[in-house]
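Here's the letter readout for the chains.
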Amino acid sequence: MVLFPKKIDFFELIDRAIDNLAKATDHLVDMFKNPADFENKAKIMYEFEQEGDILTHDIMKELNKTFLTPIDREDIHALASRIDDVLDLMWGAVDRMIVYKITKPSSEAISIAEDLQMTGSILRKVIRELRAKNYSHVQEHCIEINRLENRIDRLYRDALGKLLNEPNDPIHVIKWKDIYQLLEDASDRAEDIANILEGIVLKHA
Amino acid sequence: MVLFPKKIDFFELIDRAIDNLAKATDHLVDMFKNPADFENKAKIMYEFEQEGDILTHDIMKELNKTFLTPIDREDIHALASRIDDVLDLMWGAVDRMIVYKITKPSSEAISIAEDLQMTGSILRKVIRELRAKNYSHVQEHCIEINRLENRIDRLYRDALGKLLNEPNDPIHVIKWKDIYQLLEDASDRAEDIANILEGIVLKHA
Amino acid sequence: MVLFPKKIDFFELIDRAIDNLAKATDHLVDMFKNPADFENKAKIMYEFEQEGDILTHDIMKELNKTFLTPIDREDIHALASRIDDVLDLMWGAVDRMIVYKITKPSSEAISIAEDLQMTGSILRKVIRELRAKNYSHVQEHCIEINRLENRIDRLYRDALGKLLNEPNDPIHVIKWKDIYQLLEDASDRAEDIANILEGIVLKHA
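For the protein sequence lines, the chains are A, B and C, in the order given. Note that the first sequence covers residues 8 to 212 in this note's numbering. Note that the second sequence covers residues 8 to 212 in this note's numbering. Note that the third sequence covers residues 8 to 212 in this note's numbering.
Simulated from the structure, these hints should not be mistaken for lab results.
Pairs count within a copy or across copies, as identical chains cannot be separated in the list.
Below, computed lysine-lysine pairings styled on DSS-like, alpha-carbon distance capped at 27 Å: (1) 50 x 169; (2) 210 x 68; (3) 111 x 169; (4) 111 x 48; (5) 72 x 210.
Work out the full structure, taking the sequences as your base and the hints as a guide.
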């Protein structure tokens, strides 16, 4: 433990992690809408997940070395964990499609991916506003993310209804239920990120 | 951040949130035992879930504005989160029944709901004892909640055994497995509430 | 709250809990490789889970009574919770096998159990090194646990592929998917233990 370490800019580290997350959501939409060559596109999603692992690990390492942090350390910890979760879950959904030999995303999966992409792009705005100490739009952006999460909830619900109530092979149902669950969980964790960022603004603005 | 803000009574806020949770468990038993008009009764469950969202949000907002809290802020945060979880999960179970077009709760679902109701009513007692600084019965009440959680565990286990070992349509199995899982998770999170309250007493009594 | 209580050795309590966990992983491998008399062996697994409950409860009780702790209280709390989770999940997998009347573990389940056993034995080494303030090998041990977790991930993935892509009875699929999920979750929570221990070393070494 160094007493006067160089100042760590945690917001910059979080910004890089969110930027990586937002790029991963762009890629998810691209691969769901253009599923040709799905396996190779999945490999790129894996790279985003791996990059997320490195960025999370870096944040945790700096956090453990730093005695005083500009924002509450539990908030930094929670942000890094939730960003990592979203990437793990998106990668998990894509990987499950590979394992289950599904290479044609359903229309509901595409819609969920598009809303995740919008969420990613708003999260990028929010973290940049926080870095610029420009707090006036943070709350409305977070409300917009809550709205998107509710929309993904409804898409998930509709997808489950269609899957379980229409005549379908049970094995097909089990596979898709798994994939939808992972995408829905990714959305929940992305909303957590917005809630933590909103909480930081409430404490510091 | 105001230096000398008006004192926030966090126990009162938690009490209101637990009271809302307990009322929701009463409603769950009512709608499971009298499933006529299930869709309209589900709407009332949704209102409890929405009220829970508002109460949680209020607690988190006050928590972010308050520098010194009478009880550890992580305990208040965890209580509000777990109360919110129980309501989300109970609403989730009911909503899944609507999505899956199931309007006749199984006898196991009814038994689980009745034990959740008892849990809700004991939680209400505990928070009121805490507010009255009357700690002598808190531990026995929390043990009673642990006992109820164990009973729900066994009901869940029996329900799964019946569902999976008796000849059943796989789609029917997938639907009910989902609903039982949500009810069992609600029970786990309700036990968490008891454990946090017990921990607060151990720290402060 | 006593001002100068006798010093609690939290590392000793954690060591006992990890030792119990490691013994439970030994037993899991034994019962998976020698599944004769599965029900009686399951009862012994239940005893490990119960012992884990008691050890976790003891740690939490001491934590609530202690004002100053040698390591961050949230780290102690998280360690005790994750150790408890691993035992709950291993017991959950075994219990689900009983409920589902499965008494012949698959080869993938055996391989996962063997990797859990190795993880348990490395965790035991790490906690003993921490107690001896011998930090030089902690990081490599934790990397080894991460490697094992990745291997369990791949085993889980392969098991799911085999289960869902080969012609199988859907009910059989649902049962085994559940069991694999519990074992995979146990592995994730075991990796969390390694990560928390590594974090403690980074903060204190």
